[in-house]
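With the sequences and hints as input, model every part of the structure.
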Amino acid sequence: MSDPLVSANGIDVAYGDLQVLWDVSVEITDEDRVVALVGPNGAGKTTLLKALSGLRPLAGGSIELFGADAAALRPDQIVERGFVHVPEARNLFTEMTVEENLEMGAYTKRAEQAATMAEVFELFPVLDERRTQRAGTLSGGEQQMLAIGRGLMAKPDVLALDELSVGLAPQFVDRVFEKVAAISEDITVLLTEQHVHEALELADRGYVLENGRIVAEDDADALLESDRVQDAYLSG
Amino acid sequence: TGGGGDDGLTIGALQPLSGNFAPWGSVHQAGLEFAVDEVNDEGFLDQELTVESTDTESDAGGAATAFRRFVEEEDAVAITGPVSSDVGVRTAQLAEELEVPLMLHMAGTHRLHTKQSRHTFRLGSLPAPMDLQPQAELIEERDYQTVGAIVADYEWGRTVEDQIDEWFPDGIDLSVDVAPRGESNFRSYLRDMPEDLDLIVATGHPPGSISIHTQARELGLGHDLTTGAGLPPGVLYEALGGAAETFAHLHTPDVYGDAFADVAGRFAEDRGEQFTTHHGYGYIAGRVFAEAIDEADSTDPSDIASVVLESSHDTILAEPLQYNEWGEIDGVRSMLSTVHEGGPDFHSDGAFHLEQEYQSSLMNASMVEPLVPEER
Amino acid sequence: MSRHPIAALRHRLGRFDDIALGVVVLAIVPQLVVGTGMTYQARLLTIALTFAIFTLGLNVVFGHTDQLFLFVGALAGVGAYTTALLADAVGVSPWLVLPVGALLAGAIGMLVSYVSARRGMTVIVIAILTLSLQLAIMELFGGARDLTRGSTGFLFSGLEVTFLTETLGFSRYVAHYYVLLAVLAVLLVGYRLAMTSKYGLAFKAIRQDEVAAESVGIDVVKYKTIAGFAAAAIIGLAGPLYAHGEGWIEPSMFSFNTVDVIVLIMLVVGGMRTTWGPVVGAGAIVYLEEQLHVLGQWRMTALGLLLMVLFLYFRSGIVPKVTAALDGDGRSVSLTDVTDRFG
Amino acid sequence: MLEVSGVTKSFGGLVAVDDVSFSIGDAEIVGLIGPNGAGKTTLFNTITGVDPPSDGSVTFDGASIAGRKPNKICRRGVVRTFQIVRTFDESTVLENVRTGAVFGSSRDRSTDEATEHAREAIEFVGLGAEAETPASELTMAQRKHVELARALACDPELLLLDEIGSGLTPTEIEELTDTIERIRDERGISVFWIEHVVDAIMGTTDRLLVLNEGSLIAEGEPAAIREDERVLEAYLGGAV
Amino acid sequence: MEVVTLAEIAVDAIARGLLFALLGAGITLVFGLGDVLNLSLGAFAIVAAVIGATVVSTVPVPIAALAALAGVAALGLAIDRVLLSPVYRTDGEERILLGIFVTLGLAIAIDGVLFAEFSLRYAFPLDVASRTIGGVTVLGSTMVVIVVASIALAGLFLFLRRTTLGKATRTVFQDETGALLCGINPRRLRSLIFVLSVVMAGTAGLLWSIQAPVGAGSAFDLTIYGIIVSIVGGVRNIEGTAVAGVGLGLLMTYANYFIGAYQAMIVLFGFVVVVLIARPEEIA
Ligand SMILES: Nc1ncnc2c1ncn2[C@@H]1O[C@H](COP(=O)(O)OP(=O)(O)OP(=O)(O)O)[C@@H](O)[C@H]1O
Ligand SMILES: Nc1ncnc2c1ncn2[C@@H]1O[C@H](COP(=O)(O)OP(=O)(O)OP(=O)(O)O)[C@@H](O)[C@H]1O
Ligand SMILES: [Mg+2]
Ligand SMILES: [Mg+2]
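Residue numbers (the working numbering), protein chains in the order written: chain Y, 1 to 236; chain H, 1 to 376; chain D, 1 to 343; chain X, 1 to 240; chain V, 1 to 284.
No lab work stands behind these hints, which were simulated from the structure alone.
Don't take each hint at face value.
What the hints assert, rightly or not - No farther apart than 35 Å at their CA atoms in a straight line, the calculated lysine-lysine pairs in the DSBU-like style are these:
| # | chain 1 | residue 1 | chain 2 | residue 2 |
| --- | --- | --- | --- | --- |
| 1 | D | K321 | D | K222 |
| 2 | D | K222 | D | K198 |
| 3 | V | K167 | Y | K109 |
| 4 | D | K321 | X | K69 |
Claimed, not checked - If you want the ones that stay clear, here's a sample from chain D, every Cβ over 12 Å from chain X, calculated:
| # | residue |
| --- | --- |
| 5 | L103 |
| 6 | E160 |
| 7 | Y178 |
| 8 | V211 |
| 9 | V220 |
Claimed, not checked - The following label-pair restraints were derived from C-beta to C-beta distances:
| # | chain 1 | residue 1 | chain 2 | residue 2 | range |
| --- | --- | --- | --- | --- | --- |
| 10 | Y | A72 | X | R187 | 21 to 29 Å |
| 11 | V | V4 | H | D173 | 16 to 24 Å |
| 12 | Y | G136 | V | I151 | 34 to 42 Å |
Glycine included, each C-beta is placed from N, C-alpha and C at the ideal position.
If you want it as structure tokens, here you go:
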């Protein structure tokens, strides 16, 4: 039996009166390496990640992280447990340098800070070059790399990447996907992606979210072949 | 509280019960209430006299609104209480407009009256010339040679600065500094004062006069006396402790006379508290209004004002209280006293008593120029 | 889509029906609450209208363009001192030099807005900048004693309308109330016209995103400068009227605590970016302040506590709340804010 | 119509755009691609006046626009959208677009005309059903379309789009490219378009510019760019 | 005027300047790091002085000083929890404005209590002998002010620059969600910073009352001095605040001296206006 790392059980989430997630259940176990979450715009992918990382309260259902109830935890407590979310909006510290941003990423893992930072710089050499530049002045793609790097600094057990490749140049998309594959040796990755095809190729399992509900869940290969996904996302 | 009028006569008290002048307000209020209680006990008025008081927060606009409210909503026949020149000027304005007598507590600016004023009466704080003359006399009497003064940078302080020039004897070594009104650290001004200072004049900086005195002592200037504003003696005693013995403040109630001792004795007996100069101002206001109502045989505020203006009242001042044609105080003597530990004769339980440093000669209203309003 | 000219005119006039109604109501008020020969209520009413005008000015510049002017008092003072001193020096009626005071205040507001827009200042920088100006100008009023008679101040009058006092026989305060009401009515109409025109549209865009506003052709500096000028001129115009109502000019009438704090509260309580918010806010706060006197020396504490509660839990303001409630009932909303419906 | 010549922009020591020259003609769709940080957005900023160039000239229809304010440039007919969307979120879609119609165009319109014009632009991008919805309630893709409609309402001659397709699904991208082609075909507007979605941009543009480390390294038809050695190395990598 | 007197005045001015710097630090902390311009800062300084002056008659001086600081810290914590929590729940411009409004209300309320119940001026008595160094007499109280204020500022500086906790405070200001996702608890940091800032103000108030009595009437002035120093020093920058404090202390004292009181105030505010116009980007 595999141990569940993350499990959402029938959760509902709403923005004010507007409910966006309906009875969503997701489970990630330590046997998963990469799990992809796909679906059209506005399906609720981001919202689901926010619910998992504690940024949105639940209107119903429950969430367990690493075997313990997590519905009432604050985001910072969830980071401490080992679930780290790299948000779609990036949320960098724009007035601080690249290096300081990374340093803050390691807030809960200060002891390993230097070593992790070296790994991140190896992954994204451009960040090393821009070490002392203010994060707010980085280009769009550079910011995306910094956001991922900062997430890695927390040495998570599960890393949730929202819109991993947005704004990245093609050669970086490939590089980043390779890196994610490499990361997933040690870390379980949950990602949402517009490059549905690539994402499902990288992932071993996937969920399809539409209109706030899970409409399909399967091995990635199977999803990739399924009509539902073929028609909706891969027609181009 | 609630409206008076129907079955009684109301005196409105515009008291600074909070804010910078709060120490004045509460004491004045106590003296006023005591006077009214006595009047009611004596029963020489047909109707019960009551006091309606409000907190002006030392703000002129607020005092103006309250003034109107007292007169129009509470039917007050007379008003008292204002402290500070700014409040004094604005309320004096209203006293004339609404034709209701106003007895000021502490408002010293000389630009208070015009020759047309008929309803505004000065009491506690004397106009600048009358403030400076006793000090000038003191300098001559004691033959002080070196005098330093710090004045505040606003109307009152600048007036004092002018009056110093006018009244102080020629030939003394005099240095005058101007400091901001809100200043409380005077060390740099004091460091620049001449050596061998005899006297520091701080009456031109009322909010800072206590600080000036303590800081001068800390710097070891070794002067004889500091003269300061007419603060309630209780405040001086609290703030200065032993240093109060060399801080001479101005007051007009004759605390050394029998009349004062009488009232103070009764007050102590009744209220169990020490009666001071500023209780005295409230007491005088209550008494004089009551007597004027009696004498006028009318509750019309204007009639009451006429009586105050024209008659003379024996009070606890050194001289009878009287006013000139437009309400400037006339024929007054003021005293410079220091505060010492131990209660006075009339109230031995008290914490402090006053000792007289100097008593001025008789001062007449003619030494104060009234305000000449412009032609429009 | 062409419309019949009369229908179009109706439509235009219809935009002012709430203003007409409101002004009529305000015109009746003194007849109801001010007894003959009474000055206390009359003075409160004039204070409320005066502050409603100040608040309207702040609404334009702060509500609509996010420039937090914390020198409303100083601008009013500039208007008042300029008018009074100039009238005195030249020897003419203050009415004649009133525009000079308003224009001078307007020029100061314009300059501040221009510089702050050019320098890309955020709301907080503008707030601190204008607060510093407020304090400096107050020092000037108090310090230039030879000109202003320092903190004691001087008598001021001369902004009366003899038709009201002599022909109609109103008391000085009631007459002054109608003068203020006339000014307010003109300003409300002007405000409505401006906010339903392209000015309102530009303000709304600028407030939300300056960069985007510029990218679609809006001259941000120009519109902010216009707002700064208009607001400051309105405040500078009301300043002498304020002084006339008090019969007096002195610096403390224009201090941060006496004017700015109160005006800000009135704006928030009444409702920012609404036509009637400033008027309702001014009325409510003047009334409330007067009621608080029963608390004696605890009035100020109570005021502070009340403010915090209002700001924290009621910051959308009375007018928007009432409008929403009426809308919710599906009833007509004659007092609603037209800018919210048209743009 | 747009002539960019020798434009350079540096931030402190960093040269973000380095001596770039090119031009864009009438009714043309030109793509701008390049690695992250190549200077694409910065180049847009120099053209639209958000960040004036440190050096070089930009002329539009023969008149210099370098260093002019963004609002002036907009009214001249050069209008942009933003990489990170900047809609007026408290306003409805209609108000957003109307703002463009009123201020963005050199033409004077009455209020009613401006509203009509705005509605037309909203229909054009397919947001007709959302006209009265506040922008804050829309999805990212919809908000990008609001920006597009707002820009169109400014009557541009040249439209600059910064990664308008990022974050969209392939189906949505297809709709978007359609719209962009219609903008050129039906309205005769030129489009200058930054995008990392290679297939979309290759399939739609007439011409591509490739920026790398601030310099223009290639320019030509999509088919040629695909083959270009330098572009393959700097940008496309193994992706194609 | 003699050189010695000028030097003595300079020492006094530096002491005053360090007090300005403490107040400036109080503003800088909460505004620069938390987005709230605390208009009630001066009130905390006065509260500390009032507590200190009141309890000093019954307990030894150091205990009275600690009690005063503990008092403002507790008050600060309570206010942070009760009043600022709703402020922090908003964001962006709305938070800035709500911060201004709520602390304005708070300033009025605290001043109101002081006005009503503690309307005197309060002094914290401290007997330290004066010392003459090279002909320049330095008062005991001045020495205490300079030493204590310098230690407080240096400690604050080291905390912010050298400790991760100190650095983490900056993240909260810039992007709260980002901070949360790094495992930082913004709420706790904000409380810490707010308490730290009012303790700085309290220290300033206590030290001020050693030199000259203070009362409720000075509260708003102290806040203004804090804001001015904070701005001139560059709002994000504690070293700048310290330098600006001392600089303005000297400027004000000498301007007062040589050109007169109200002109000095105009010079001061004029200076602020120039700084604001010259470099608004450093402020917000
Ligand atoms: N702050 C918010 N307030 C109200 N509604 C919101 C908010 N954020 C998102 N929504 C709505 O919730 C729904 C789901 O949004 P979400 O961002 O989770 O979708 P998504 O799948 O991540 O989409 P995308 O691919 O565009 O990022 C959408 O309809 C969106 O409009
Ligand atoms: N204000 C600034 N100060 C310093 N450097 C800056 C500034 N603005 C941009 N840069 C740098 O200039 C370079 C170009 O940035 P730009 O945003 O133009 O890139 P881009 O080509 O749009 O990249 P992306 O595709 O990632 O959006 C980047 O390295 C960025 O860090
Ligand atoms: Mg999303
Ligand atoms: Mg870019």
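Tested hints:
no. : hint                         : verdict
1   : D:K321 to D:K222             : 33 Å, holds
2   : D:K222 to D:K198             : 13 Å, holds
3   : V:K167 to Y:K109             : 15 Å, holds
4   : D:K321 to X:K69              : 40 Å, violated
5   : L103                         : 27 Å, holds
6   : E160                         : 41 Å, holds
7   : Y178                         : 34 Å, holds
8   : V211                         : 6 Å, violated
9   : V220                         : 7 Å, violated
10  : Y:A72 to X:R187: 21 to 29 Å  : 54 Å, violated
11  : V:V4 to H:D173: 16 to 24 Å   : 20 Å, holds
12  : Y:G136 to V:I151: 34 to 42 Å : 35 Å, holds
Violated hints, listed in ascending order, are 4, 8, 9 and 10; each of the other numbered hints is respected by the structure.
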